[in-house]
Amino acid sequence: MNKTISSAEAAIYDIQEGAVIMLGGFGLCGIPENLIHALVSKGTRHLTCISNNAGVDDFGIGLMLKQRQVKKMISSYVGENAEFERQLLSGELEVELIPQGTLASRCMAAGYGMPAIFTPAGVGTEVAEGKEVRTFNGKDYLLEYAFEADFALVKAWKGDTEGNLVYKATARNFNPLMAMAGKITIAEVEELVPAGALHPNEIHTPGIYVHRVLQGAGYEKRIEQRTVRNN
Amino acid sequence: MNKTISSAEAAIYDIQEGAVIMLGGFGLCGIPENLIHALVSKGTRHLTCISNNAGVDDFGIGLMLKQRQVKKMISSYVGENAEFERQLLSGELEVELIPQGTLASRCMAAGYGMPAIFTPAGVGTEVAEGKEVRTFNGKDYLLEYAFEADFALVKAWKGDTEGNLVYKATARNFNPLMAMAGKITIAEVEELVPAGALHPNEIHTPGIYVHRVLQGAGYEKRIEQRTVRNN
Amino acid sequence: MALTKEQIAQRIALELKDGYYVNLGIGIPTLVANYISKDINVVLQSENGLLGMGPFPLAGEEDPDLINAGKQTITALPGSSFFDSALSFGMIRAGKVDLTVLGAMEVSQNGDIANWKVPGKMVKGMGGAMDLVASAKNIIVAMQHTDKQGNSKLLPTCTLPITGLKCVRKVVTELAVFEIIEGTFHLTEYAPGVQIDEIRAKTAGKMIIVDHVAEIKLQPKAGLI
Amino acid sequence: MALTKEQIAQRIALELKDGYYVNLGIGIPTLVANYISKDINVVLQSENGLLGMGPFPLAGEEDPDLINAGKQTITALPGSSFFDSALSFGMIRAGKVDLTVLGAMEVSQNGDIANWKVPGKMVKGMGGAMDLVASAKNIIVAMQHTDKQGNSKLLPTCTLPITGLKCVRKVVTELAVFEIIEGTFHLTEYAPGVQIDEIRAKTAGKMIIVDHVAEIKLQPKAGLI
Chain A
1 MNKTISSAEA AIYDIQEGAV IMLGGFGLCG IPENLIHALV SKGTRHLTCI SNNAGVDDFG
61 IGLMLKQRQV KKMISSYVGE NAEFERQLLS GELEVELIPQ GTLASRCMAA GYGMPAIFTP
121 AGVGTEVAEG KEVRTFNGKD YLLEYAFEAD FALVKAWKGD TEGNLVYKAT ARNFNPLMAM
181 AGKITIAEVE ELVPAGALHP NEIHTPGIYV HRVLQGAGYE KRIEQRTVRN N
Chain B
1 MNKTISSAEA AIYDIQEGAV IMLGGFGLCG IPENLIHALV SKGTRHLTCI SNNAGVDDFG
61 IGLMLKQRQV KKMISSYVGE NAEFERQLLS GELEVELIPQ GTLASRCMAA GYGMPAIFTP
121 AGVGTEVAEG KEVRTFNGKD YLLEYAFEAD FALVKAWKGD TEGNLVYKAT ARNFNPLMAM
181 AGKITIAEVE ELVPAGALHP NEIHTPGIYV HRVLQGAGYE KRIEQRTVRN N
Chain C
1 MALTKEQIAQ RIALELKDGY YVNLGIGIPT LVANYISKDI NVVLQSENGL LGMGPFPLAG
61 EEDPDLINAG KQTITALPGS SFFDSALSFG MIRAGKVDLT VLGAMEVSQN GDIANWKVPG
121 KMVKGMGGAM DLVASAKNII VAMQHTDKQG NSKLLPTCTL PITGLKCVRK VVTELAVFEI
181 IEGTFHLTEY APGVQIDEIR AKTAGKMIIV DHVAEIKLQP KAGLI
Chain D
1 MALTKEQIAQ RIALELKDGY YVNLGIGIPT LVANYISKDI NVVLQSENGL LGMGPFPLAG
61 EEDPDLINAG KQTITALPGS SFFDSALSFG MIRAGKVDLT VLGAMEVSQN GDIANWKVPG
121 KMVKGMGGAM DLVASAKNII VAMQHTDKQG NSKLLPTCTL PITGLKCVRK VVTELAVFEI
181 IEGTFHLTEY APGVQIDEIR AKTAGKMIIV DHVAEIKLQP KAGLI
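Residue numbers (my numbering), protein chains in the order written: chain A, 1 to 231; chain B, 1 to 231; chain C, 1 to 225; chain D, 1 to 225.
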């Protein structure tokens, strides 16, 4: 079942205006660089983006923001982006902030066919407003619904032609969860290998969740906070 | 954080009469052979065992059944065991049958700190009796509670001294889920390696979930249904 | 002539389309793997934690760590993946498996299925059956048309304890193929030489014959195992 | 003498016990890693998907795929593991992390914490803070005792939007250490040379002084970074 797609443009050809898309990554770590560039080239607008962060001004989702392609961001933290702030304050951009673990769990719930999950995150806070609270064993939890998206755009380290994916280090983050939650999941990988080249024990995302797999190119993998020790 | 324990006897020393224990494995595939043998030697009784299956007459949980150590089995399928059937029909053994995916999800829920999950499995059946039904997007789901256990006994292929575990092939099954659900999780492994010998990308169960890790010995790994092709 | 079990499997193999992920239950469903067309790519899921199930191993190559949901030794094809039981049923619940083939003791005209429990007999458990029938979007039942006493297994309502409600889309027996639509068994195909009157007589549930009813055609053997 | 930020971290390092899994938040909490005793084994969790976080890399050895929750380049120690964000918060929610150290803008006498939003200012989001405070069984807050205007950050009730309710167990500031018990800040330690009257004046919430109140003792530097 060969899911290879030849170009980033072809991979996203059917993402329409107004689509809900998930984008993997934590900060700039593990983001689908090629697919974002293709979306920027395509210029698709009015997108709802579910992503833990919103990139920086000149990289990641920031590139889409600059072109005003994003109608709404659903994120846990959006701090590193002046254009984002400008659009938010001017009312051009809608933002929904949700706890990071809730974001992760809601993606996972979709991939596991669970319509909703219970989490204690946000109980007693603004996040709980309008939400159902339920007590189990004396502790309160919020009912949070599974997230689905028209498209999930994820980045893996290696992938095979069947769509099986392996992530590297903390570039894993939301990628496997969003890969499970997309109605159509598009994965870009640093190294695309033939079926059988990845050991079946080591696969993080089974190919059944992945619809298209792209050999990425020109990875910049920008570092947001370069921090080193002295000795 | 060295979690190595020197013997199966030492690993299970504090499993008391009446304890609730989970045992990994699907059929006889991936069962904690050494820990079961130690429990049989110890003779601990009145156990509640959560395990997908109940072993066969002379292997796996069947050995514990033979000694009448099991008060109650919580399983999805218990078909391969004459002594089991005898004890069940005579009323010596209590059995709770639950759908296999529900069993898996309830273990996982515990490991993810979720008090309950929703699953459609069992809606409209005996399994739903007394359970809360809830409709999401026009489909009915049962509310099923997280499973916790006093002890989880799991079997991995490789483990390191920090308790990180890697499973092999379909011997993975319930093991990582139960490893997450035990108040005390005891893992036996075919190959115990130093911390750092397993690649951190490839770990299936992070050591935080594992309290004791044992180098197993004398694995029989019995095959229940040896099936071969001719050419 | 009624179909053999192999022929029932052979007929069901025609339901497999290119690109399908398929879960085959124990019994007749397992035999379907023998008849998958070489012209299509199909991936078999085994709910104990495998995508990409291959044929049984050669003698001497059995791996006790590699079994299917029927606990038989099997192999894994290139491109396969292993995962835990929660993810396995997760992908089933999430509707990622395109087709599920199951055995049954009874099917009702509205698509209810009973296949796990006979009152008065030792109950072995439902295994993954309740999860599969509650989740799969496309379920085909493979079974004999009648029980050993000759009683119809295609019923107005199930008499045995239910495994799942309104889930079966199609039934293939040794006599016929039915689609279940709006509370009725729609007879679409009959086994070669079998009279529709015989099928009608052995089908206790509400049955109608579709206009384009035809003789069952079988896929040539071309499979995995 | 009020403690420096480094000294606050140094004091908190004394709370780490052998065998602990610890999550350190951004800011002062991150500095705690510098002071972990070499006599104990502690594993650091980073909620973006890492157990076994090591020191910052040497220049030239940064890996863009290996960062902490503050997006800083870091390293992974032998025995570490990587996982996805759902499992990361899963182990937090399941109570597997023994100690969580966080910064805060306000803490109330019943242990409520506010650390994510200031009305009228650009809101960047809660990140993982709400998950951490709702789940962790043992939370220590590291913060300055007062804000830049000199207002107490230890309050009867939080004035800023809440991050979590009744979750903070201990507060360490540049002036003092408090345990929060039954709706009261229990002063257990004071910074060397700081008068209890000053602490009282700068603590707006209900405060009592424990019998065994003592001067803060610091762990010598002996850490990872």
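Hints listed in this document are in silico derivations from the structure and should not be mistaken for laboratory results. In this text the structure is predicted, and so the values were computed from the model without any measurement. Fair warning: there could be bad hints in the mix.
[What the hints assert, rightly or not] Within a straight-line C-alpha distance of at most 27 Å, the following computed DSSO-like cross-link-like pairs (lysine-lysine) qualify:
| no. | chain 1 | residue 1 | chain 2 | residue 2 |
| --- | --- | --- | --- | --- |
| 1 | C | K96 | A | K183 |
| 2 | B | K139 | C | K117 |
| 3 | A | K131 | B | K131 |
| 4 | C | K166 | B | K139 |
| 5 | A | K139 | D | K121 |
| 6 | C | K137 | A | K183 |
| 7 | A | K71 | D | K124 |
| 8 | A | K158 | B | K131 |
| 9 | A | K131 | D | K206 |
| 10 | A | K42 | A | K221 |
| 11 | B | K158 | A | K131 |
| 12 | B | K131 | C | K121 |
| 13 | A | K139 | D | K166 |
| 14 | A | K183 | C | K166 |
When the hints from earlier in the document are held up against this structure, which numbers fail?
-> Violated hints: 5, 8, 9, 11; rest satisfied.
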